[in-house]
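Chains as they are written, first to last, in the numbering used here: chain V, 1 to 288; chain E, 1001 to 1250; chain Z, 2001 to 2284.
What the hints contain is simulated information worked out from the structure, not anything from laboratory work. Note that the coordinates shown come from a computational prediction; the quantities given were computed from them, not determined experimentally. Errors might be hidden in some of the hints.
Unchecked claim - With a straight-line cut-off of 20 Å between C-alpha atoms, the simulated SDA-like cross-links for lysine to any residue are:
| no. | chain 1 | residue 1 | chain 2 | residue 2 |
| --- | --- | --- | --- | --- |
| 1 | E | K1098 | Z | F2164 |
| 2 | E | K1085 | E | Y1028 |
| 3 | V | K105 | Z | I2266 |
| 4 | Z | K2175 | V | A182 |
| 5 | V | K190 | Z | A2095 |
| 6 | E | K1098 | E | V1136 |
| 7 | Z | K2005 | V | T271 |
| 8 | Z | K2102 | V | L75 |
| 9 | V | K190 | Z | A2010 |
| 10 | Z | K2158 | Z | M2226 |
| 11 | Z | K2016 | V | E102 |
| 12 | E | K1193 | E | V1136 |
| 13 | Z | K2280 | Z | K2175 |
| 14 | V | K230 | V | L75 |
| 15 | Z | K2093 | V | Y10 |
| 16 | V | K32 | Z | F2009 |
| 17 | E | K1098 | Z | R2165 |
| 18 | Z | K2175 | V | L7 |
| 19 | E | K1194 | E | L1017 |
| 20 | Z | K2093 | V | A14 |
| 21 | Z | K2093 | V | F6 |
| 22 | Z | K2102 | V | A182 |
| 23 | E | K1248 | E | I1205 |
| 24 | Z | K2002 | V | N183 |
| 25 | V | K9 | E | K1098 |
| 26 | V | K32 | Z | G2127 |
| 27 | V | K9 | Z | L2184 |
| 28 | V | K9 | Z | N2151 |
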Amino acid sequence: MKTKEFLFKYITLAAASLSILFLMGIILSIFKEGLPLFNDINFSDFIFGRKWHPTDEPADLGIFPLISGSIFVTLGALLVGVPLGVGSAIYLSEIASTNVREALKPFIEILAGIPSVIYGLFGMAVLAPLVRKLFNVPTGLNLFSASIILGIMIIPIISSLSEDALSAVSKELREASLALGANRIETIFKVVLPAASSGVISSIILGFGRAIGETMVVLMVSGGAAMLPKSIFSPVRPMTSAIASEMGEAVNGSQHFQALYGIAIVLFLITFLSSLLMQWFAGRENRE
Amino acid sequence: MKELIKVRDLNLHFKELHVLKSINMEIYDKTVTSVIGPSGCGKSTYLRCFNRMNDLKDAAIDGEIILDEENIYSRATDVTSLRMKVGMVFQKPNPFPKSIFENTAFGLKIQGKMKGSEIEGRVEQSLRDVWLWDEVKDRLKDSAMSLSGGQQQRLCMARALATNPEIILLDEPTSALDPRSTNKIEELCVELKKEVTILIVTHNIAQAARISDYTAFLYLGELVEYGETKLMFTVPKDKKTEEYISGKFG
Amino acid sequence: MKKRKILEFAGEWALKLSVGISLAFLFLFLFMIFSKGAGRLSISFLTQMPKNGMTEGGIFPAIIGTLSLTLLSMLIAFPLGVLSGIFLSEYGKPAWLVSIIKTSINTLSGTPSIVFGLFGLSVFVIGFNMGVSILSGSLTLAVLILPIIINATVESIKSVPFDFREAAFSLGATKRQVITRVILPAAAPGILTGSIISVGRAAGETAPILFTAATFYTRRLPKSVMDEVMAMPYHIYALMTEGTAPESQVPIAYGTAVVLLLLVLIINGTAILIRYRMRKRRNW
């Protein structure tokens, strides 16, 4: 009896501790493969170098174009996804009737589960030709198209998390505002939204993390040029897309291989910071 | 009267809060003993000392509760077998989301000592003891949640009785029930005391007067008065007791 | 006064519009995928091998590949996730360990899937010498979906009322018995919902299997977990980007997308249905 209790407890403890091990495994593996690169080139040349020609002799391993590709695509996605996602959340939690809300919520959840490669397919085969014709640009596979697809992709993520935050605002607060003569829209924007701000912000950070870490959509839709974008219709190569498309041809242990792991380090640090930030905001909500 | 339990100098703290103060009392075998007192006097906490349920809430306890010649707070006590000997029924009916049969058989099954047929017999007996058998015998496989509140509470009593405890603790068992179900539980207590000792916490003074042989009045964590119910309700010794049972505060 | 009225009107419409646009986008998206791919669906598309340099034939090996990756990763992640969830919500001591574990889980769930791919490549494929295989891919996917299962378990256990624990303890149950006989059965529908959603996630992921399990084309079905496989998400990507005959391969990509989409929709729909029925039936 006693030994069974003991065993059960420590089996669960061991299982839970594996998560630490996995995270350590991820960190160690990318650092182990990526760090040797910095024996040969210095870190700031890697981050701020303007040229990414990994297969040239000697290779140019500056990932600034890749970082800016990631950042521009992500900002573009937030420009699309935040207003639509937060707007939908406000509509669902504040304006829609219970029936409409109950019907739409599962629908949104299902959409959040659609594989990103299918969004990528849609971007390549439907959106890109449309963009090319509509704006008369040389290729529809560019920053603009990638931002739109990524933006659509993060709508369900932002909206379902924001909705939770908005629904958690107490009814009394709303009633107090309405009783003072504020109309519904004033109540939403001046009372409810500020009260839910921590949750809404953390939903946006989550959307950011999802967008900057997304691989398949940008790999298929962003065009793949490792250059600083000149306009919103320039093709770009975000970090994730560089890793995915080049790893296959990089020789195990070569400088190129190391540089791709170096990109993964940068990517990991960005998403790690954003998840810390998100937890901080989520924690702030609980503290309030 | 044979003493079943002796409480010796029992003190309980939750952190800084001194909840129970130097309680001494005896509980007599095959009787109904009620614990009364205003809300917040510590009566529920006191009840939970007898099956060490306060362990779940990190209470600091000193003093002794002696059951079967052994202090249940000694280091040698196995809490799980103690709880098999001391059954408990809670304020709100809390059957598990399982079938009526599984609920009643729960204690026996976790003991793991009995065969299926024995368990079935014991389940029937326990359900008969609480006058539930005729109402549920055709639907033992139905979820316990399909029963009415009063039936659920009697099922919880059957569940506690199934392991043949020496005493069962009732924590305001009728406070969530309608008057008819309350009556039934009260009658049941009087009937059950032939088999088992009952310790009941109640906020309903009339209930204590109706069903109990002994009554303990607890106020601010102290045992103010303890004695035969009849005597206490006719000639209370303490002024506070008199005020409380005559409804001056509560 | 008038300005306020106008603002109210504009505000309401802006919100309605944002839902409208979102839904329109999403419907258009689903409609285009289904309308272009549905015509492709047939028994032979599902059951035949690809032919003629993947310009004809079916996607049978990709379906088998996706199913085996998904099943195996679930087999690994489900028990680990549930056990971890039990530890975090029921034992929860020592506090420092719990807080490290929670931070690790949160970090894992925010890490890009391509980074998981690299982790799988250097640890499973190269480090443990498993090669590009179902096993490497499933292990990588298992680590990826573990946080989802853990969080689902923790949340569902949290929603089990304290009353049940108290009742079980009062009957003499040990902590382990309380967990396995009362808490887990009561939390099961919630755990199941979360786990099914994670199955959908595993089935649709591409980046983690790019370097760990997937291959563009193979003539044979996998014989063991040490074989590399075709997988539906990777098949779509490869046909769209590495294909040599777009006019015949893009329709196959659409067809594959419809199959994958249906699979994921059925999986997630089941999860949502279970949760809906559980909420309706639950009376505690």
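Evaluated hints:
no. : hint                : result
1   : K1098(E) x F2164(Z) : holds (11 Å)
2   : K1085(E) x Y1028(E) : holds (16 Å)
3   : K105(V) x I2266(Z)  : holds (17 Å)
4   : K2175(Z) x A182(V)  : violated (53 Å)
5   : K190(V) x A2095(Z)  : violated (39 Å)
6   : K1098(E) x V1136(E) : holds (14 Å)
7   : K2005(Z) x T271(V)  : violated (43 Å)
8   : K2102(Z) x L75(V)   : violated (29 Å)
9   : K190(V) x A2010(Z)  : holds (15 Å)
10  : K2158(Z) x M2226(Z) : violated (39 Å)
11  : K2016(Z) x E102(V)  : holds (16 Å)
12  : K1193(E) x V1136(E) : violated (23 Å)
13  : K2280(Z) x K2175(Z) : violated (29 Å)
14  : K230(V) x L75(V)    : holds (16 Å)
15  : K2093(Z) x Y10(V)   : holds (11 Å)
16  : K32(V) x F2009(Z)   : violated (58 Å)
17  : K1098(E) x R2165(Z) : holds (14 Å)
18  : K2175(Z) x L7(V)    : holds (12 Å)
19  : K1194(E) x L1017(E) : violated (38 Å)
20  : K2093(Z) x A14(V)   : holds (13 Å)
21  : K2093(Z) x F6(V)    : holds (14 Å)
22  : K2102(Z) x A182(V)  : violated (42 Å)
23  : K1248(E) x I1205(E) : holds (12 Å)
24  : K2002(Z) x N183(V)  : holds (13 Å)
25  : K9(V) x K1098(E)    : violated (25 Å)
26  : K32(V) x G2127(Z)   : holds (12 Å)
27  : K9(V) x L2184(Z)    : holds (15 Å)
28  : K9(V) x N2151(Z)    : holds (19 Å)
When the structure is compared with the earlier hints, violations turn up for hints 4, 5, 7, 8, 10, 12, 13, 16, 19, 22 and 25 and for no others.
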